[in-house]
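Generate the whole structure from the sequences, applying the supplied hints.
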Amino acid sequence: MKTHTLWTVLGFTFVGFVIGSAPVAAQDRDGDEAEPELAAPDEGIILTVENHHWSDMKIYAIKLGNRFRLGTVTSQTMETFKLPSYLQADVSEVQLLAIPIGGTQSVLSPSVYPSPGDEVVWGIQHSLALSGTIIG
0 MKTHTLWTVL GFTFVGFVIG SAPVAAQDRD GDEAEPELAA PDEGIILTVE NHHWSDMKIY
60 AIKLGNRFRL GTVTSQTMET FKLPSYLQAD VSEVQLLAIP IGGTQSVLSP SVYPSPGDEV
120 VWGIQHSLAL SGTIIG
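Reminder that position 99 of the sequence shown reads as 98 in numbering that gives the first Met the number 0, one-by-one numbering, no gaps.
Just so you know, nobody snuck in bad clues.
Simulated restraints on C-beta separations: (1) Leu63 - His125: 28 to 34 Å; (2) Ser126 - Tyr85: 29 to 35 Å; (3) Thr103 - Arg68: 14 to 20 Å; (4) Ala88 - His125: 31 to 37 Å; (5) Ser91 - His51: 25 to 31 Å.
Source of the hints: derived by calculation from the structure; they are not laboratory data. Heads up, the beta-carbon is just placed ideally off N, CA and C, and yes, glycines get one too.
Set out below in structure tokens:
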């Protein structure tokens with residue numbers, strides 16, 4: 000004789016309840032079927048770094064005095080980064096820092112104030128003092 004514990008019986012009852020109530024949950028109060036909600040578009044902040052310098056660069060974002068490594072951009076190339084969510088929360092001023100691999104001179108961007116959905120383009124020039132940012 001097969002015996003069932005209370006947990007097993009309740010487990011099957013619970014599954015039956017969930018499956019049986021699914022069609023009801025798909026309707027709104029008027030009895031019309033509810034339209035599925037579309038996912039919100041990804042509105043992250045995108046950073047594109049154009050490295051015209053002869054050295055590969057380590058790229059950092061600085062927010063509230065904390066430095067966060069974003070990645071590396073090889074000499075004479077362009078890379079795109081998505082700023083992590085913790086850098087986008089309470090968006091305030093962000094600075095960008097590039098440190099050449101094997102070099103001693105670094106470049107710090109002016110403060111930028113990006114909003115979700117913005118793309119920041121940072122051009123690192125052969126002469127680091129001429130580097131600049133654009134927010135679009």
